[in-house]
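Student: Line by line, the protein sequences give chains A and B. Numbered according to the working numbering, the first sequence spans residues 1 to 681. Numbered according to the working numbering, the second sequence spans residues 682 to 886.
Where hints are given, some of them may not hold.
Label-pair restraints from in silico Cβ distances [to be verified]:
#  : chain 1 : residue 1 : chain 2 : residue 2 : range
1  : B       : 775       : A       : 147       : 49 to 55 Å
2  : A       : 83        : B       : 818       : 40 to 46 Å
3  : A       : 29        : B       : 686       : 56 to 62 Å
4  : B       : 762       : A       : 195       : 50 to 56 Å
5  : B       : 818       : A       : 62        : 46 to 52 Å
6  : A       : 66        : B       : 714       : 41 to 47 Å
7  : A       : 52        : B       : 775       : 56 to 62 Å
8  : A       : 66        : B       : 818       : 35 to 41 Å
9  : A       : 39        : B       : 686       : 39 to 45 Å
10 : A       : 47        : B       : 775       : 31 to 37 Å
11 : B       : 775       : A       : 73        : 35 to 41 Å
12 : B       : 694       : A       : 66        : 53 to 59 Å
13 : A       : 39        : B       : 818       : 29 to 35 Å
If you want the ones that stay clear, here's a sample from chain B, every Cβ over 10 Å from chain A, calculated [stated by the list, open to error]:
#  : residue
14 : 732
15 : 803
16 : 822
Here are the simulated DSSO-like cross-link-like pairs (lysine-lysine), alpha carbons at most 30 Å apart as the crow flies [claimed, not checked]:
#  : chain 1 : residue 1 : chain 2 : residue 2
17 : A       : 92        : B       : 769
18 : A       : 219       : A       : 443
19 : B       : 720       : B       : 692
20 : A       : 443       : A       : 465
21 : B       : 692       : A       : 67
22 : A       : 649       : A       : 545
23 : B       : 824       : B       : 769
24 : B       : 817       : A       : 76
25 : A       : 279       : A       : 357
Rather than coming from a laboratory, the hints here were simulated on the basis of the structure. Note that this is a predicted model, so its numbers are computed, not measured. Glycine included, every Cβ here is placed at the ideal spot set by N, Cα and C.
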Amino acid sequence: VGYNGLEEGDVMAQLAEKRGRKTLYLVWLIPLVAMAIAGWMIFKYYDNKGYDIVITFNDAEGFVVGKTPLMYNGFKLGHITNMEVSLHDISKVDVTITVDHETKAVAREGNLFLKVAPKLSLTEVTGLSTILSGAYIEVFPAHNTIEALQQAKEVFHFTAIEERPVSVFNKGLNVIVTSDEADVKAGAPVLYKQFNVGSVAEVRLTHQGVEYQIHLDQKYMHLLKKDSKFWQTNGFEASASLAGVDVEMSSLATFVAGGISFDSPPHSPTVDSHNQQYKLYKNYTESRFGQGEDDDTVSDENYFEQEGIRVVLTMDNLGAINRGTPLYYKGIPAGKVQAYQLDKNGTQVEATLFIMKKFAHLVNDSTFFYDISGVDVQAGLEGVEIKMGTIEAIVTGGIAFKTPHEGATVKEMHTFRLYPDEKAYHETFVNAYLTLQYIRDLKVGSKIKLDDYTIGHIASITINKGKIEAIAKINTAYAFLLNSKTLFWRERLVVDVDQVKNIETLFGGSYLAVQTTDGGHYADHFNVSEITPPKTLNEPGLRLKVTTDRLGSLGVDSPLFYRQMPIGSIESYQLKADGTGIEMVVYVDPCYAYVIHTDSKFYMAGAIGVDVSLFGVKIETETITTMIRGGINVVTPKGDSPRATEMEKFFLYNDPDDDWLEWKPVLPGGDEACLQRDRLI
Amino acid sequence: MQWKSDLSEGKTLCLACEMLHDVSQTTCERCGATLHQRKPHSLPLSWAYAMAALLFLIPANVLPMMNVISMGVEDRSTILEGVIYFLKHGEYGLAAVIFIASVAVPFFKLATLIFLLLIVHFQLSQNARVGLTMVKIIHFIGKWSMLDIFVVALMVSMVQFQALATIETGLAAFAFCAAVVLTIMAVEKFDPRLMWDITDSKKEM
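Excised from the complex, chain A in its bound form (with noise of 0.2 Å):
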């Protein structure tokens, strides 16, 4: 057995030898495939590991070799690989970095380095992440698609940046602003309409003063226009007004480092390329009316906003128009009030006020503008109105026109009367001079009345040696009340057991009647009476001259009547210079002068006639009203005798004979059509 042992022995040594020197050359495999491996691992690693580039700096305080990273967003493209004084300028130092492999568009002409350290100013906190973990490079490429930057030339040197440019990829628009001085700071916001849509840049120091690297976004780049004006904005603005103290504060940013806002008008050209040249304005007014302007001169911010056309405003006082007063047509917004300002003789104001476009066409010559500020308020019997416009107009005033009819259209900067209120377009006046015994509550603008219609106003009262004087301004279409004839007389609230009269003076105070008749000559001086004057005055009628002993509770106006239907009144009485009685001028309705006969009797009425007998107490009276009023009936016997004439005299029985009572004439004369006139139906 070992024998045999031994040569198989032999033969399987054999046997596994012949394998062995198979798996022999197999064995070499584990180096190749180490090598390969470990070749690969190597090779990935350097390919990875990227190009370097140089930046040269100013200082590289902060910067650690082999750490500080380079970043584009966010992302770390490579790190600071070394790290060098600069050949060319000892002040100054070279560093290398490393680029990360996949990162190919670093080294392109036009990418901008920055280092970021950690910055902390009055209008910006940035890099604060670099506190914690160190500054570090960052990169502004100066394309945004990968294949611009691709085809861009390869530069391995630079020199980097010291401010962080404003823009990435160069979007948005650098424009140039001007200016004397530098108040606003590098980094200040851009503001249009108070949106921050842009920012300072850089601030350059220039032999004319300052020059503003200004650059806006790209999204509001459509903002500027060839004509857009730029002026400083302060963070702080107070300013007071009727509608309280309003301090406008804009950002904390421009409160600190200054702004800059700038508006366009909409039709401007746009404009596309760089560093177009602007004027900084100090202020919103100089930027509109250029510089010197006097500060009464303000405009009105949407000046630019909408086309419109422009025209002048003339009145005596500017009121409650002020800037940014509105406008309205019809109740609708239609402009503002730019500016305004004294003319030239410095006795009137004139306001420039601004009209959209789509309102322009309705104003022409004949268009008259008016003011609705403040409250109107209309009480009359019938209750009270008040008018008032928005509480807009109300506050800060306001303004509409109307346009009666067609006319000629008007040219830019056209001038136009402002009206006090819409009545006053319609109204031209003539001046009464009038002298009164009393002010009383008479005030200026007290209404003057003719048949309750308001005919003008006082205009001015004044005292003149113990004269009280007023100008009463009288509509045009009244002038003829300009008569000797006329009368002006004040009425009062008159508060009677049967009446009460001119209630609307309860609020207006009261106002000066006037009453007129043919045949004056031209006069415009008159004295205001205190006492009323009958309603029949001037009337055309019948007037009787009646006497009576005693007055009783007869007055002026009290009535008359014929079969208790009142057909005229007393329009005067007055004393007989002898003194023997009172002599009455009676008014006759001329409807009814035919009952007056001259055998007619007048009696009181009013009295009331107890009839005490047997079955009783029999009480007689007139109507409540003579009762209380007094009046006067007239009886006419027969229609026989001839009718009264004119001043015909009569005298009035204290109580009527029993028979007159029972007179029942037939009189002629009666016109139907006249008789008619008192009749509802």
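Keeping the supplied structure of chain A fixed, place chain B upon it in accordance with the hints.
Tutor: Just chain B now, kept in the frame of chain A:
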């Protein structure tokens, strides 16, 4: 023949249980292990593993071992950079430990092995005695050759503060692992008895 050896006496030693067999036996009577007078293909396999280990040592030392990402900033360091870092900061002990464990030991071990292989290969019998001492040494220090990997593994698992600091293993760690494992395998495959064989054969000649 200077000494009696298993070859001269026609004996085979079971390497598993150290029982002596006759050369004709292919399996151990006691433990059943396959018997070889010498480790089969010891020299070429050892050479192959050693070469592979040597190749892996290159990336292991050239590539970064750890990526320390602190505050978003990545800091890669190779083994030697780590050593230099500690030296610069005066941590000589730490630098020594890392250097010995990660650089000196693996290189020394591999170099020694290669030296041994060369002795056998070129039959430098006069160095055989030195080689024996070296075999003892590499067996002793072999236990510590993975120290660096343990350090990295420990750091990676412990320092995971995400945003603040994260440590990742670098490519070198894998290469280092491979190098260490291959070195161990190479040492394992090397049969020191080959050295006695050459001394004997030299003497015979």
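Student: Taking C-beta pairs only, is residue 732 of chain B more than 10 Å away from all of chain A?
Tutor: For residue 732 of chain B, whose nearest Cβ neighbour in chain A is about 4 Å away, the distance does not exceed 10 Å, so it is violated.
Student: Quick check for students: does the CB of residue 803 of chain B sit more than 10 Å from each CB in chain A?
Tutor: At about 19 Å from chain A, residue 803 of chain B clears the 10 Å cut-off, so the statement holds.
Student: Has the given pair, residue 279 of chain A with residue 357 of chain A, been kept, meaning a C-alpha gap of at most 30 Å?
Tutor: holds, 28 Å
Student: The hint says 50 to 56 Å between residue 762 of chain B and residue 195 of chain A; measuring C-beta to C-beta, is that right?
Tutor: holds, 52 Å
Student: Quick check on a hinted range of 49 to 55 Å for residue 775 of chain B and residue 147 of chain A, using CB atoms only.
Tutor: Holds, at about 50 Å.
Student: Can you let me know if the beta-carbon spacing of residue 775 of chain B and residue 73 of chain A is within 35 to 41 Å?
Tutor: Holds, at about 38 Å.
Student: Are residue 52 of chain A and residue 775 of chain B spaced within 56 to 62 Å by their CB atoms?
Tutor: violated, 32 Å
Student: Taking 31 to 37 Å as the hint, is the beta-carbon distance of residue 47 of chain A and residue 775 of chain B inside that range?
Tutor: holds, 33 Å
Student: Holds or violated: residue 219 of chain A with residue 443 of chain A, Cα cutoff 30 Å?
Tutor: Measuring from Cα to Cα gives roughly 62 Å; hence the hint is violated.
Student: If you draw a straight line from the CA of residue 720 of chain B to the CA of residue 692 of chain B, is it 30 Å or shorter?
Tutor: This hinted pair holds, its Cα atoms lying about 14 Å apart.
Student: Verify the proposed pairing of residue 817 of chain B with residue 76 of chain A, using a straight-line Cα cut of 30 Å.
Tutor: Violated. Residue 817 of chain B to residue 76 of chain A sits at ~49 Å, over the 30 Å cutoff.
Student: If I claimed the Cβ atoms of residue 694 of chain B and residue 66 of chain A lie 53 to 59 Å apart, would that claim hold in this structure?
Tutor: At roughly 55 Å between Cβ atoms, residue 66 of chain A and residue 694 of chain B fall inside 53 to 59 Å, so the hint holds.
Hint compliance for this structure: hints 3, 6, 7, 14, 18, 21 and 24 are broken, all remaining hints hold.
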